[in-house]
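*Asks:* Sequence lines, in order, name chains A and B.
Quick note: the first sequence uses the numbering used here, first residue 1, plus one each step.
Quick note: the second sequence uses the numbering used here, first residue 121, plus one each step.
Among the hints, erroneous ones may be present.
[As the list claims (entries may be wrong)] Here are the simulated lysine to aspartate or glutamate pairs, EDC-like style, with alpha carbons at most 16 Å apart:
#1 B:LYS232 to B:GLU187
#2 A:LYS44 to B:GLU268
#3 B:LYS251 to B:GLU297
#4 A:LYS32 to B:ASP213
#5 B:LYS431 to B:GLU283
#6 A:LYS21 to A:GLU107
#7 A:LYS36 to B:GLU172
#8 B:LYS309 to A:GLU107
#9 B:LYS308 to A:GLU107
#10 A:LYS36 to B:GLU187
#11 A:LYS44 to B:GLU172
#12 A:LYS66 to A:GLU96
#13 B:LYS229 to B:ASP250
#14 A:LYS29 to B:GLU172
#15 A:LYS71 to A:ASP60
#16 B:LYS421 to B:ASP393
#17 A:LYS29 to B:ASP142
Read the hints as simulated data drawn from the structure, not as lab findings.
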Amino acid sequence: MADKKNRGLVVVDILVSCFPKLAAKARLKFDKVREKHLLLLPEKVVILNETAASILILCDGSQTVKGIAEKMRDSLKDGNNASDISTLPDIQTIEEDISGFLQEMAEQGWVVIHSHAEDK
Amino acid sequence: MAQKESELSTADWIRVLSEAADLGVVEVHFSGGEPLLRDDLEILIRHANSLEMYTNLITSGIGLTAEKATSLKDAGLANVQISFQAGEAKLSDIIGGYKAFEKKREAVKAVKEAEMHLSLNVVLHRMNIDKLEGILKLAEETGAERLELANTQYYNWALLNREQLLPSWEQIQRASEIYRKAKARLEKKMEIIWVIPDYYASTPKPCMGGWAAIGLTVAPDGVALPCPTAAMIKDLSFENVRYSSLNSIWNDSSSFNRFRGEEWMPELCRSCDLRHEDGGGCRCQAFALTGDSFATDPACKWAPEHYLIEKAVQDANNDPKPQNKPLIYRRHQNKTLLKK
Chain A
1 MADKKNRGLV VVDILVSCFP KLAAKARLKF DKVREKHLLL LPEKVVILNE
51 TAASILILCD GSQTVKGIAE KMRDSLKDGN NASDISTLPD IQTIEEDISG
101 FLQEMAEQGW VVIHSHAEDK
Chain B
121 MAQKESELST ADWIRVLSEA ADLGVVEVHF SGGEPLLRDD LEILIRHANS
171 LEMYTNLITS GIGLTAEKAT SLKDAGLANV QISFQAGEAK LSDIIGGYKA
221 FEKKREAVKA VKEAEMHLSL NVVLHRMNID KLEGILKLAE ETGAERLELA
271 NTQYYNWALL NREQLLPSWE QIQRASEIYR KAKARLEKKM EIIWVIPDYY
321 ASTPKPCMGG WAAIGLTVAP DGVALPCPTA AMIKDLSFEN VRYSSLNSIW
371 NDSSSFNRFR GEEWMPELCR SCDLRHEDGG GCRCQAFALT GDSFATDPAC
421 KWAPEHYLIE KAVQDANNDP KPQNKPLIYR RHQNKTLLKK
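Chain B on its own, in the form it takes in the complex:
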């Protein structure tokens, strides 16, 4: 979380958006933190829209009134993605850590009334994955056109809470069956995206379509990253758009070039036929689990550190009941909002 004073100014963001358009960026996600907290959001959306970039707002929904939704739509906003933690208030508020469910529902209504494209995003884990039907029902009721069911991936906070969050294989299978049926039934009405956790895939995913390959993130304080979580890789330093142009960061910075191509790969990946598909896997996951950002992603079944994944999966499947340990929240650290 960046302090307000250290966030980029409106003029900075306007410049960054223009530089991004010149680089060939055609789609922008205003994310956060919470982008609705910025007073200049409408100005930035209007600017991105004038550059013919497709604008998405990624939000908790808190603070998205009908009036706000209309003004953002007038500024050119095309798509709003609202996060939910569950299909009903009680569980949603427990997981989120504060009473947000009803406010999110109001935000959803505001988006629909403003006639913008509505996406819902639900991050799935042990605590809500068995309630998938409720989530689908909520999505249908709200008239969402897209629903992202993304199982948690375990890097930062999720890694700290992995014991409580990683579902069992049985839970994943049950949920994926519910997903398959819903996808077939709602084919025309709603696009449903389903992402399983890396821990249950035998090969890693090509994270972000490859390191600094198709997209980039600019953090609120101006740090330019190849992916939203890359700042966690502590042995890499990232440049800031306050001091360098986006063009030079994209093309010339050592951080963006670090994991491009195949030169950097460990021998295991370099000699593997799947290297073009997964690019060695996720660098954040490699760093989080092994402390070495150059390692083969341990999600890969051939990785030397794959036993780390196997161990976590074993634990998740040996004890199918929720753990007693409290969740560690990002903001209210060590406050125990979840106790069973």
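So here's chain A without its partners, still in its complex pose:
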């Protein structure tokens, strides 16, 4: 168990300073007809939930996972009443969740993880 946890942390450490970017073949779209966020790929359409879509929109290659986690936390704050802020997960938990999600996306080939910011 401890071993697993450690391995998990290593992955997170690598990822938070990295710059995720949506793969060139992928397109994000909000489909007005179905009222769903979609990830469009060659011969494949993935239906995204609200959170997944919000994260992927931020994956433009110019911001780190850490930066994305902060933005996600800010938007969670905005969506809650001041009194609920104490119930929000801490930033480290958010970073871990987002890293895990992006890891999965990268394994599918839908997100590319760069170690440097993209030159614009």
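Please arrange chain B on chain A, whose structure you already have, making use of the hints.
*Replies:* Relative to the frame of chain A, chain B by itself:
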């Protein structure tokens, strides 16, 4: 093949694309014939892209120069699928019927240099299925991200050439083993799709995810079809987007509604537990083999006409050598480009 004069105009296609987007279409395949022959392809891709539709170009690759690839990418093209007939020039050109292999390789290079997603599509049959390793090698060398290995299905032209094209069971098994190993080895690098011929499956496939269920085709002349081959069903008439909106064709036309749901099914299918999975099978195949578009797809092992499939499979396995009969080509009909 539609004559050029009878093809939809640019304005028609723009309208059709907009109507499709309104209907909820999110992915477009520009196919043909050969879509690169249209001067307005870039305009149409740009329009589809502005409607946030995912754009795919399905092409032979002929005419896809580096310059063209770059301009299509700038218009928003996301994925290019290029067809190959084999992994090397000689066999590829024999099967294709003209010298195309080197031009296809140039097209592939152009797509990669423009940094678009590259898919290769190879239709497999008796003449190339034993050369699968060469095809995989080609796909790897070109840096393709997706490879579709689709065994021929026998409707139109393929049905006429079935004797020469249908592989033996042994060939299919050998090839599927090569596919399995390649899939495991290339897992991260390339997505490989493998489709066996219906003739060797014991149950039919839910063609196109069901009749007029998830997609539609608009032919160059504007005829709207539930699938690209449906025009071969002669007892059905299809509407044209010149005269009806895509919305009314999709929702209200008799052709699109003909095989939706279960009402139309023969009793055999209606009482079968698999009807939700295969929807009675492929309507084109049913029509091609039985002359009745309402029949259970003969690929189904319980279909009354399944013996037709069994007979063809038997023939393919009794004589494992290529036939002497020449191939019938779509364009150069009766020209014998393949002789052994």
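*Asks:* Decide, hint by hint, whether the structure agrees.
*Replies:* Structure-based check of each hint:
no.	hint	in the structure
1	B:LYS232 to B:GLU187	holds (12 Å)
2	A:LYS44 to B:GLU268	holds (14 Å)
3	B:LYS251 to B:GLU297	holds (13 Å)
4	A:LYS32 to B:ASP213	violated (46 Å)
5	B:LYS431 to B:GLU283	holds (11 Å)
6	A:LYS21 to A:GLU107	holds (13 Å)
7	A:LYS36 to B:GLU172	holds (14 Å)
8	B:LYS309 to A:GLU107	holds (11 Å)
9	B:LYS308 to A:GLU107	holds (8 Å)
10	A:LYS36 to B:GLU187	violated (36 Å)
11	A:LYS44 to B:GLU172	holds (15 Å)
12	A:LYS66 to A:GLU96	holds (10 Å)
13	B:LYS229 to B:ASP250	violated (26 Å)
14	A:LYS29 to B:GLU172	holds (7 Å)
15	A:LYS71 to A:ASP60	holds (14 Å)
16	B:LYS421 to B:ASP393	holds (14 Å)
17	A:LYS29 to B:ASP142	holds (14 Å)
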